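Colleague: Use these hints to put chain C onto chain G, whose structure you have.
Number of protein chains: 2
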Amino acid sequence: MKIIDLHRQVLILSLSVMAIAASAQTKPYTAYVDPFIGSEGLGNVFVGPSRPYGMVKPGPDVNKASNSGYSPDLDVPLYGFSQTHVSGTGGGPKYGNILIMPFAGNFNELKQESLRANEKASTGYYSVLLKQYGITAEITSTSKVAFYRFDFKPGTRKAIKFDAGDFLGEKPVPDAREAQQFIGSEVEVVSDNEIRGYSRIRGGWNNGAAYTVYFYAITDKPFNTFTTYKAGSLYPGIKLQADDGNKTGVLAYFDDASLQQIKVKIGISFISELKARQNIEQEAPHWSFEKVLADSQDSWNELLKRLELDSSTPAQQKTMFYTALYHTMLMPVDRSGENPLWQSAMPYYDDFYAIWDTFRSSNPLITLIDPSREAAIVNSLLNIYQRDGYMPDARSGNSNGRTQGGSNAEVLIADAYTKKLKGVNYNLGLEAMLKDATIPPGGNEEKEGRGGLTDYNSLGYISNRFVRAGNRTVEYAYNDYCLAIVADGLGRKGEYNRFIKQSNNWKNLWRPVTDHGATGFIMPKDASGRWIDSITCVESNGRVTAVPYTPLAQEWPNCVCWWCGFFYEASSWEYSFYVPHDVAALINNCGGPQAFKQRLDTFFNNGYYNVGNEPSFLTPNLYHWIGRPDLSSTRIRQIIQKNYNSSRDGLPGNDDSGAMSSWLAFHVLGLYPNAGQSYYLINSPLIKQSVLHQTNGKDFKITAKNLSEANQFIQAALLNGKPFNQAWIEHQDIVNGGELVLLMGPKQTGWGNSMMPPSKGDEK
Amino acid sequence: MKIIDLHRQVLILSLSVMAIAASAQTKPYTAYVDPFIGSEGLGNVFVGPSRPYGMVKPGPDVNKASNSGYSPDLDVPLYGFSQTHVSGTGGGPKYGNILIMPFAGNFNELKQESLRANEKASTGYYSVLLKQYGITAEITSTSKVAFYRFDFKPGTRKAIKFDAGDFLGEKPVPDAREAQQFIGSEVEVVSDNEIRGYSRIRGGWNNGAAYTVYFYAITDKPFNTFTTYKAGSLYPGIKLQADDGNKTGVLAYFDDASLQQIKVKIGISFISELKARQNIEQEAPHWSFEKVLADSQDSWNELLKRLELDSSTPAQQKTMFYTALYHTMLMPVDRSGENPLWQSAMPYYDDFYAIWDTFRSSNPLITLIDPSREAAIVNSLLNIYQRDGYMPDARSGNSNGRTQGGSNAEVLIADAYTKKLKGVNYNLGLEAMLKDATIPPGGNEEKEGRGGLTDYNSLGYISNRFVRAGNRTVEYAYNDYCLAIVADGLGRKGEYNRFIKQSNNWKNLWRPVTDHGATGFIMPKDASGRWIDSITCVESNGRVTAVPYTPLAQEWPNCVCWWCGFFYEASSWEYSFYVPHDVAALINNCGGPQAFKQRLDTFFNNGYYNVGNEPSFLTPNLYHWIGRPDLSSTRIRQIIQKNYNSSRDGLPGNDDSGAMSSWLAFHVLGLYPNAGQSYYLINSPLIKQSVLHQTNGKDFKITAKNLSEANQFIQAALLNGKPFNQAWIEHQDIVNGGELVLLMGPKQTGWGNSMMPPSKGDEK
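Protein chains in written order, with my numbering: chain G, 45 to 808; chain C, 45 to 808.
Since the hints were derived computationally from the structure, they do not count as laboratory data. Values in this document were obtained by computation on a predicted structure and should not be read as measured data. Not one of these hints is a red herring.
If several chains are the same, the list does not tell them apart, and a pair holds so long as it fits within one copy or across any two.
Keeping only pairs whose Cα atoms sit at most 30 angstroms apart, straight-line, the calculated DSS-like set for lysine-lysine is:
| id | residue 1 | residue 2 |
| --- | --- | --- |
| 1 | K164 | K686 |
| 2 | K283 | K307 |
| 3 | K283 | K265 |
| 4 | K479 | K215 |
| 5 | K164 | K335 |
Looking at chain G on its own, in the form it has when it is part of the complex (with noise of 0.2 angstroms):
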């Protein structure tokens, strides 16, 4: 009886969202986009403009030790716009290519640098005024054209500079790790109002090899005289720059003093510099910066709102919402048609940023908002394994590398076969799969591939011998039940018993230690079987001792190098909850649900959780396997009140190319996903309803009734009106459309409590 009533109460409340969506958003969805949240503190985010995956990212450069270029220090000053970046990444910072600066002063200095003010960021849009010269700046950008207005004091000479040479996170030590190098640039006055170059870098993050970023400049007014410059010499009047491995690049002047703005379109290209103007011709062959800035808007819109919020959403939600997704959508980089390394009719993506960062929620998140984009992301993981050998889990500058712990590309794979996504040959998947599973990548085994493979396949764990042994276990044990699966669907038995059985490994390096009241950790073992119970650690004073190991120890990067740690950015306490195929075996090696919801409870009170890591990311969910989702809500709601917030320091860690974002995100419509399956877990959403419109035609609507700070507990379920018990729902019912209706109220009710979400099960 409860539930016909409760089938009532949503009849209604259905009726009344349908009156509230035809009446509701009056400001496009651009309007809910900040730029600047995570700009300060860790999110590392990129603030200029972009197009959704855009190629090209031009924006302020202030700090070249930045990973964005950006800083928020308005005491140091900015030097230009460069039109390559990353959003939210950590480590040595990559691209920051081909820089412009207008200038009104020190004609014949090649340092110009402004303090700036009135900065401002929305969709597609950055502008600032460089305070030394009074010059205001503008940019927006299409997918690969750059296109700024500088609005100039009357009265005054100006200059823009274009500088090729000039990039993030140069170090004057050769082949210093994770530095950008510099190997060469040109640049050639083409004419008195175009300018054509590159630069060429290599390094970086992924410590990649050469890249190029070829330019084509062109201004809307004539400069009247210019100068190139060569290695700090300036060659007045001379108009071509061969690369011979130095810095380059020009000065170009206007005299004209009553000249008020210039514009400037810069095309980018990794082709050549014939095919950066010709991206100029293709997508702006115009001079409107009013019609590239609604273009970009349109973009964005197109996509920001296939996800609805309830017009009652108050609008800092909202902001941190769309936000959230527009940070999703900054990476990976649509290259197609931009690859210098081979042709293919398949797309082709780059900077994969990392993919170790983005399968957990951002590549599903995209998967829901654009099923198709995400089936061309994975197209381009599989072109890129047919010519270079092995898909990424990072990628930049064309260039595979670094792999922080699991070959992850496999669960994006996974993902999408599980997903059902059209328009992928998943036995090439499969392939590309069995590849990482089974051939050692050898030389560098931070490159691709897994590293540590010869143990993993001989002992089922990786030993002490390797580093990152910890992570690199428990995420090849995930990995291979993603092959399994997708194996198992294509019929390949042979494959499916191999790998489903691999992927039980994480448990060769469960140790039953118990630490803070938790038994049972991922713990290092040599070779030959024996724990490890301490580690070598080289002090900076030179002195050697050996360090005891804990499931709390971090003996990076102070006793060994970041990267050779037992786990990587994280402990055992984060780590050993990892096994996201067979969280029914982990509660049962925990001992058992009680234990389980200790150890979490723990694992939360104490501060154990790292918000601002990944590995971490399916973590507060756990509790929904031992029948208590409502747990998980209010963590989650606990996570997010304490971490997450509108401002500029909103981002609790470095964004990695929208990985904080995507995982706020889903909690905000109450749905997160267990990458690499097939559905979301149900959580008490944040705002009273949202409504997925998909490219199907199909609406999936989340409404979580009675919604309050009161009520933030689920009562009850109806998918499509009928009653559901379970905590957990599947892709297909949201492709196929229709509504879930959450009964909110003050606590929990044992909703959720009956049937756990899966796990890979003892049968198998």
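Modeller: Chain C only, in chain G's frame:
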């Protein structure tokens, strides 16, 4: 007494030789270079002009499936001249980029070809009459610039095609093994006498990554009109064809009927088009074809004259000898300043094609003629190791790959080290060797490093679970010896002990089977240590059979792929002689000196020896180690007489970047190196006297006194006037200058039979 007599005779001879030297050499040495030797038959040599180790190799393209582009078949039309070639290679072609073709008719056709006549080639020069058009084309070159002179029939309209889309070895199948694959191209008409552009290609024999050949072409007369083209369509008057993945080019038309001659300079660069232009400015700023040609001849003469043959040497012999030197110095190619992948102060060479071919005799010959050049080549390998991770065995198009057997760059390090070449960081060399020997290359084991290393380092041999297990094992054993020797010299006893022991690993595949009277052969073994008696053969009719594996078996390419046999390109009879560091142990394993002699005799008499392939390069010299250098000399004379001559078909196999040629050159002198070690075996020279004019200012002279058809045996020897009873000489004895006098007589007298050349020895 005999010795003193000899001494006196030698003194007299020396004086007469000095007289000869003074009067000698009226013609330049380049007069004795015939680039056509090896252009017919199997030689595959490049016939166009090149500077020593020159980056640019412009020449005629007649056959797209030909490795050199050339075909001697005059019934096949010539379709142009491309700027990049390799010499003497086999397998899938590489390069053939940026094609130029003059024509005079069918002006709107893209296909232009002509039968040819009057082909001439000499050092730095090639010319041909294009019968179809009555055009004489002449070519010369600097290191990085091709220089053309076209003479047209007067009174006609003229045209020149510049094709950026053409290249050798294209196949329609994507990623066809060893085929070059098109990525993109671009052309741009800069002015009425300048055209620039590039060609971007991947693949080829070494299955390499993308490389880009940029060009800048200048004509000495302006063209009146032009049409660019792309993907087969003409675009009259359109100056730019941006790279959108299609083949592009330019047809330039010269309408002045009175015009008879057009000269064209094509600068080439692997960096950029402007760098190609700069290369013209730096290397050929003028329009004098004669000056470029004379400079080219001078640069060759400067090297060739360092090995001066007795003036009485017949011209035919001189031609064979100096052409052999010429062939040896065509490759690798000096690309210092042209590396698009990284900056380095170290030299950069490309087109090691392959070291497996050249380490045995080509590099040692370069060491004699030009030690600083060899040091630069070795340094370029270390440069590549530092940035690409491994030294190449083969490298082309800036990309490591492929490795046929051992990691033989190590032999070059050891050769340089034991010969005390200056300017090489041998500690870095040892590091690079250790990388090969300890870190499996993984992924694609053909690319670099040691394939099958996991077996080799755990079992002491490579089992039948890896292809090419036989030659990999014996070659790694020698590589290990080379590593050990360098480690020993650098005081690294630990590494010395490990690798000197591993250098015995060839014994682990030594099976005491008997074949044609010889006992003991390198034979296949499985990972458990069981010998393999037969191999599975999949015949072309699909029938699967078990074929007995014998020392003469050649299962490739009929049963398995070319690269998939137990040995690469040779039989066990050939490879079982390959223990260059421990011939004494080999002899012992074969049953002692008498059995070994018989084995060698059977090898040569039964035709098991393959003159055209490198694995047996040292084998004719193995009689030295049983005290019978006379038998070595006799075999060598027979081999040369039967297989080498001064005709166009004068090389017995692919010249392999000069390997076949350098083998001949050494034997003309009466020396032969055991590469990686510090000595040369002494044989009967083919000429009466040679003088090595060394770059240290010291001459070393070899005189074969009384040499004649009848007197081909060394009776006795004097080194710097002192009796010299060993049949090998140390490199330092040559470096120090002096004279080796060999007294020749009609039969062998036992000279060299008491002291055997070095072997590793049992004590180690």
